[in-house]
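J.: Those sequence lines, one after another, are chains A and B. Per our numbering, the first sequence starts with residue 895, numbered consecutively. Per our numbering, the second sequence starts with residue 895, numbered consecutively.
Simulated from the structure, these hints should not be mistaken for lab results. It is possible that some hints are incorrect.
Note: identical chains are not told apart, hence a pair may lie in one copy or across any two.
[Unchecked claim] Below are the DSBU-like pairs computed for lysine-lysine, each with C-alpha atoms no more than 35 Å apart in a straight line: (1) 1189 - 999; (2) 999 - 1070; (3) 1117 - 975; (4) 962 - 1070; (5) 975 - 1027.
The structure presented is a predicted model; accordingly, all values stated were derived computationally and were not measured.
Number of protein chains: 2
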Amino acid sequence: MDLSHELALGIDIGGTNTKWGVVNHRGEIVQKGDLRTDAHETVEGFIDAIYDTLKPVLAGFGDEITIKGIGVGAPNGNYYKGTIEYAPNLHWKGVIPMTQLMTQKFGLPCSLTNDANAAAVGEMMYGAARGMKDFIMITLGTGVGSGIVANGQLILGHDGFAGELGHTCIRPGGRKHWGTGLHGSLEAYCSATGIVLTAQELLANSNDDSLLRQFSEEDLDSKKVYECAVNGDPIAAETYRFTGQVLGEALANFVMFSSPEAIILFGGVIKAGDLLMNPTRQHMEANLLPIFQNKVRLVFSELKEADAAILGASALVWEIKE
Amino acid sequence: MDLSHELALGIDIGGTNTKWGVVNHRGEIVQKGDLRTDAHETVEGFIDAIYDTLKPVLAGFGDEITIKGIGVGAPNGNYYKGTIEYAPNLHWKGVIPMTQLMTQKFGLPCSLTNDANAAAVGEMMYGAARGMKDFIMITLGTGVGSGIVANGQLILGHDGFAGELGHTCIRPGGRKHWGTGLHGSLEAYCSATGIVLTAQELLANSNDDSLLRQFSEEDLDSKKVYECAVNGDPIAAETYRFTGQVLGEALANFVMFSSPEAIILFGGVIKAGDLLMNPTRQHMEANLLPIFQNKVRLVFSELKEADAAILGASALVWEIKE
Chain A
895 MDLSHELALG IDIGGTNTKW GVVNHRGEIV QKGDLRTDAH ETVEGFIDAI
945 YDTLKPVLAG FGDEITIKGI GVGAPNGNYY KGTIEYAPNL HWKGVIPMTQ
995 LMTQKFGLPC SLTNDANAAA VGEMMYGAAR GMKDFIMITL GTGVGSGIVA
1045 NGQLILGHDG FAGELGHTCI RPGGRKHWGT GLHGSLEAYC SATGIVLTAQ
1095 ELLANSNDDS LLRQFSEEDL DSKKVYECAV NGDPIAAETY RFTGQVLGEA
1145 LANFVMFSSP EAIILFGGVI KAGDLLMNPT RQHMEANLLP IFQNKVRLVF
1195 SELKEADAAI LGASALVWEI KE
Chain B
895 MDLSHELALG IDIGGTNTKW GVVNHRGEIV QKGDLRTDAH ETVEGFIDAI
945 YDTLKPVLAG FGDEITIKGI GVGAPNGNYY KGTIEYAPNL HWKGVIPMTQ
995 LMTQKFGLPC SLTNDANAAA VGEMMYGAAR GMKDFIMITL GTGVGSGIVA
1045 NGQLILGHDG FAGELGHTCI RPGGRKHWGT GLHGSLEAYC SATGIVLTAQ
1095 ELLANSNDDS LLRQFSEEDL DSKKVYECAV NGDPIAAETY RFTGQVLGEA
1145 LANFVMFSSP EAIILFGGVI KAGDLLMNPT RQHMEANLLP IFQNKVRLVF
1195 SELKEADAAI LGASALVWEI KE
């Protein structure tokens, strides 16, 4: 069957930006772009804006190309219902019937899942998890997200909300999360925000000189902590060591849950490379039962960060039954 | 198709005892019995003994009945390989090719999984999880085991060892496990052994009178702690409250992993009833994101403890492809 005339539209909705790409069956993004999410107070306004952007793009492919449908990755996206539900980092509150609204506007079938699940599907089809049936993808960015694949299928749970590993507790009674109010969650420590909080705590509890002290509280970000660590600053280095410890302990728990072949790390925080990876691997292995040790591949994503969620969202389209 | 002439043999191998049952397609145990596991230093000796027990039983069903095969639940049982691997509570060390040995002896096809997975399958086919596609079964006994079902399938992992939730860490740096050496695992707190250790710690840190003080260290068991709690002893009551807190916190993490419809608790420890269930439910709910709250059914098993693993093991037989 010649599928070269078919394309899918993949859309990754984030709190600040929304990225879109038109993708072929080989996972090549033939055209892409982005627009602001947070510029639109209502979801209808957002959909109007993305439609106005994409209408000429899709028309430009001409009559010989069929746009098969739209796949969307979004925070708190529910695959079963096609809804975005109570997403804390979006302006649109409550339950948004996203696939319904998109289909009404574009006249195309639409499928949706959460952004981390979409990235996991992208990684399974086109990235580091090609050919794997059991893996976990952890996205380490502003927040910590996850997509879990077992038996070759996304784990969605009975209600479509499975895979919120960033909110699992790894330090009972520990740091209070700024958004959820839960104590000691993985996201509270291993997100970009969590890394900065760890650095600030270490600075507050120390009188030692540190390169980090040149930055005001507002200016400090996880990238600057990384740069100071690379330049030999002990407090910055300890920040990443501790982050890796907490992440490694959490990953050990996840391994003993679903025994994945690999854990794939993804997102802005992984730019720290070995500074993060080495303590993570060490503490993961140290907290595993012997039957799990030295078996799980801990790797970085092979996809460009901007592309994974678009690719994964577009991959949903090929599964839409008409 | 009339299946009434078919029976399956289910075997549940535990560290001390092995239970067997001959089961029909409706999940009725038509005959059952048990024998000592720990009386046999070699697996060959054990298989000879169970064969000598079962040969007359199976012959007794006559020619009109077909024994379709053997299903085995065993600690550290590997479904993919049919092996028992490095089970700490069995005399037989290393990797035991259990299904191969059983088939050689009995001349019947044999399938195997770990004991907690077998119990989960039993619960799904005949117990509290009938009709569910997403649930977690937690066995609270001498140890803490688990069987996880998602998308209607057992989560086995890439190597067949998934679902070791008893060994996940819920108190980093906490109590050292007597067997694994890992710190702060769920099993270290919520097994029968863990409950006794909690009571002993509370007694050691208090000068208050307690009904528990009438027992020597060797005599104290989780049942006696339960009885003292029922009789109003504050330290015994606190023991179960704390056990429920740790269990509830762990269950919250599991819910955010696979978003199950229900969590089914099973095993000797659940005889404590509401004394355990109330704090467990409270702390589970308190540690969940709002999207998961008040959705997960937390229930006790509906199967007799002795029967669940036999039923689940026998259910493996119906899936054996000849």
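J.: If a hint holds in the structure, say so; if it doesn't, say that too.
T.: Now for the hints, and whether the structure bears them out:
1. Taking identical chains as interchangeable, the C-alpha atoms of residue 1189 and residue 999 lie at most 35 Å apart only when they sit on different chains, with a minimum of 33 Å there against 48 Å within one chain.
2. Proximity of residue 999 and residue 1070 under a CA criterion of 35 Å is satisfied in neither setting, with 41 Å inside one chain copy and 59 Å between copies.
3. In this assembly of identical chains, residue 1117 and residue 975 lie within 35 Å of each other by CA distance neither inside one copy nor across copies; the values are 37 Å within and 46 Å between.
4. For a Cα distance limit of 35 Å, the shortest separation of residue 962 from residue 1070 qualifies neither inside one copy, at 44 Å, nor across copies, at 56 Å.
5. In this homomeric assembly, residue 975 and residue 1027 come within 35 Å of each other (Cα to Cα) both inside a single copy, at 25 Å, and across copies, at 17 Å.
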